[in-house]
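Counting from 1, position 129 in the sequence shown corresponds to residue 129 in the numbering used here; the numbering is continuous, with no gaps.
Calculated from the structure, these hints are not laboratory results. Be careful, since some hints might not be right.
Stated by the list, open to error - Simulated restraints, written as ranges between beta carbons of each label pair:
id, residue 1, residue 2, range
1, Val94, Arg48, 35 to 45 Å
2, Leu55, Trp26, 37 to 47 Å
3, Arg3, Gly44, 28 to 38 Å
4, Gln25, Glu109, 36 to 46 Å
5, Leu14, Val45, 26 to 36 Å
6, Gly130, Ile37, 22 to 32 Å
7, Tyr111, Leu9, 49 to 59 Å
8, Lys22, Asp129, 17 to 27 Å
A virtual CB, placed ideally from N, CA and C, is assigned to each residue, including glycine.
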Amino acid sequence: MIRTIFFVLFALGLFELFLLVKTGQWFGAWFPVLAVILGFMAGGVTIRHTGIKSLNEIAQASRTGQTGAQAAIGGILGFFAGVLFILPGLLSDVAAILLLIPVSRRLVEAYMVRNGVRQNRAPGSVVIDGEAVEIIDDRLPPQDKNDNSPWSR
């Protein structure tokens, strides 16, 4: 599995490099250089804008008592679009633009919500998966216990 992921990432990187070289041959050497520089700047602006926007949406959702899952997913997708802009290459820029278009963004958000939500939950409830580990006093190093503390056993 790890080898497959590395192979796909390596192949995409080579294809991005091939496309940059080909566009340099077709449009001149300055076009790919300018595209990489503009993509880097667009990535920074996108990350800054979507970060501030998603923080405001999450704050508004918490004030109204909603879960804010849509705002969080929107912030994640905006951040991911910014990272794709920063990566040098034309395919990553196209993918970032697709993530910023509202129609395709709603499709990706719906896919993430559909695959991330369990069907047996009550509407509006939040479930955080985790694992609890009991700490036994015998394994802890000896410490001075405070008998007045409500946390002591």
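Outcome of the hint check:
1. Val94 <-> Arg48: 35 to 45 Å: 21 Å, violated
2. Leu55 <-> Trp26: 37 to 47 Å: 41 Å, holds
3. Arg3 <-> Gly44: 28 to 38 Å: For Arg3 and Gly44 the Cβ distance comes to about 33 Å; the hint holds.
4. Gln25 <-> Glu109: 36 to 46 Å: Given a distance of about 38 Å, which is inside 36 to 46 Å, the answer is holds.
5. Leu14 <-> Val45: 26 to 36 Å: 28 Å, holds
6. Gly130 <-> Ile37: 22 to 32 Å: Given a distance of about 43 Å, which is not inside 22 to 32 Å, the answer is violated.
7. Tyr111 <-> Leu9: 49 to 59 Å: 22 Å, violated
8. Lys22 <-> Asp129: 17 to 27 Å: Given range 17 to 27 Å: violated, Cβ gap about 45 Å.
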